[in-house]
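Colleague: Position chain B relative to chain A; hints supplied.
So the protein lines, in turn, are chains A and B. My numbering applies: residue 1 is where the first sequence begins, and numbers increase by one. My numbering applies: residue 1 is where the second sequence begins, and numbers increase by one.
Honestly, the hints are just simulated from the structure, not real lab data. Be aware that a few hints might be false.
[Claimed, not checked] Selected chain B positions facing chain A (in silico; Cβ < 10 Å):
1. Arg-93
2. Gly-229
3. Asp-232
4. Ala-239
5. Gly-245
6. Ser-291
Think of the CB as a built atom: it goes at the ideal place given N, C-alpha and C, for glycine as much as any other residue.
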Amino acid sequence: MLSARHLCVMAGQRRLIDDVSIDVRPGEMLALIGPNGAGKTTLLRALSGDIDAACDAVSCNGRPLRHIPAAELATLRAVHAQHQRSDLDYTARQVVALGRFPHHGGRPGADDRAIARAAMALTGCEAMADRLCSTLSGGEQARVHLARALAQIWRGTPGAHFLLLDEPVAALDIAWQHRVLACARDRAHSRMTGVLAIVHDLNLAARYADRLVLLADGRIRADGAPFEVLQSAALADAFGLDCRVWIDPHTSRPLLMAEPAA
Amino acid sequence: MNLRSVELPRIGPPASLTLWLLAAALIGAVVHALASGAVDLPAATVVSALLGQQVGSDADLVIWTLRLPRVLLGVIAGAGMGIAGAAMQGLMRNPLADPGLVGVSSGAALAAAAVVILGERAMSTGGWAASALLPLTAFAGAALTTALVYAASRRNGRSSVTLMLLSGIAINALAMSGIGLLLFMGSDAQVRQFTFWTLGSLAGATWPGVIAAAAAVGVALALLLRKAGPLDALALGEAQAAHLGVAVGTLNRACVVLIALSVGATTALTGTIGFIGLIAPHLARRLAGPSHHLLLPASALAGALLVVLADSAARTWVSPAELPIGVLTALFGAPFFMLLLRRRAAQEH
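Isolated chain A, as found in the complex (with noise of 0.2 Å):
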């Protein structure tokens, strides 16, 4: 499990993350959502180790990260970040087996290669393979980025191994925000990964998430599964929305009607 407990952070005089606990359960698929500003990927660099200031008060598989060197670390969870460099002169194909760099430290063995051309299959990056990474268009790049978190934790212990993305949808056509959220969750609940999300649709969140967490101002205020975080009231204050939910009958997911309120 990889948990926050009684996790601030601040910049200056403000509050980015007030006293927020949080689990990322192995085997489920949690999206984070809330508005613009909430603190969503504060709060994912805090569980992520990127934060100095709050690696005592995270804690991966029971240790706290301050604890955990960053080798161990790296082959325990991964994360996508939002903004990738666009300039990389290396092949698609050798930034995801970059993820691999955990488990070989320098040179890739056909093992990691192997793993490496089987993430990129799951995010469809195979055709694109050999070119340069900046050469790929935005969403094409966000794809082999995340096959290369995926690359990361491939193996990962069933249970004990996470992964962390930082809206993964968000430069990819319809098409592939239902692939890639279908795939984060197919791993989480195939692997035993903890899945955690940033997630702006909140129907493409409530129909592939396990729970929703609310962030909003630093605080969470909603944390449950779709259906119950949608219909809350946090949600309509949190946005300042009038919401409608009612049930798909063809998934069964609940789905979200919203104008902002009145």
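Modeller: This is chain B only, laid out in the frame that chain A set:
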């Protein structure tokens, strides 16, 4: 699926062959450099002499005492500047980084000039301490300027090309004025050394100098080669490299020290030979690709090859006079740099 069937197709020769080709070209250039000069020797004589056979006392003297230290110093300095350039470009994630352009070489030259001119008394006592003083101070000067440029060009954990080049201009100007000031205080003979520090020369090569440079560059080379994997990961960005388990702070500090060691040691003995740290890695990247496992050794070989060729040309083009080698490298390097700038500008728009 067959594991072997979908390997990365390579443009040009296979990777390992690239290193062998560069090494072979370097050996050829070394033999050519040993054979040519005021007295031309047949290449066969040079090869026999290098293999330890007697080739006559005159040829022995020319090869072993006059030319070999100089050519070896060229190999070592070129390798040192080539790998320092490649490491700096990797560290700053910026193909325009070059120890010369950003003022690291000038910083080393300033420190070395300070020792030569202010520390004359200390130097004249002789002994190992005195001969170690010059490279050590040059190393300190290089380390200080590398750290300074690195700190000045960073903003929010990223390194900015503009800030790096601008702070390089400032540091270069500052170091040159420092060297000028020292020479103003120095004797006539020391003033004549000004060209040595600013334009570089391999003419002062001696066996002790070659050995000292070989030790320093050898250590830097060996340790930088071990950073190839982490430098590859660092290309993704500092946060991403940290997510992959790279100890980014340690890597940055190690690279700064090793770049300074390499540049400082060579600058103390050769003065500033510009642009090698820029051109060699670009040449190497074209031949070996962007992965540091091949890029670092290929840059060292390409740097050595370029310096040996440039020095041969500097010695023979206007013989019996001699061109400063830095004039030649700048003559080719500066237009090359302009070309890179234009290409980069074209990419950005």
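Colleague: Could you run down the list of hints and mark each one as holding or not?
Modeller: Taking the hints in turn, this is what the structure says about them:
1. For B/Arg-93, the suggested interface contact is upheld, since its CB lies about 7 Å from the closest CB of chain A, less than 10 Å.
2. The interface hint given for B/Gly-229 is met, as the beta carbon of that residue sits about 4 Å from the closest beta carbon of chain A, less than 10 Å.
3. Among the interface hints, the one on B/Asp-232 holds; its C-beta lies about 6 Å from the nearest C-beta in chain A, closer than the 10 Å criterion.
4. Evaluation of the B/Ala-239 hint against chain A yields a held restraint, the C-beta minimum of about 6 Å falling below 10 Å.
5. For B/Gly-245, the interface hint holds, the least distance from its beta-carbon to any beta-carbon of chain A being 3 Å, beneath 10 Å.
6. The criterion of a C-beta within 10 Å of any C-beta in chain A is met by B/Ser-291, whose closest approach is roughly 7 Å, and the hint holds.
Consistency note: the structure conflicts with none of the earlier hints.
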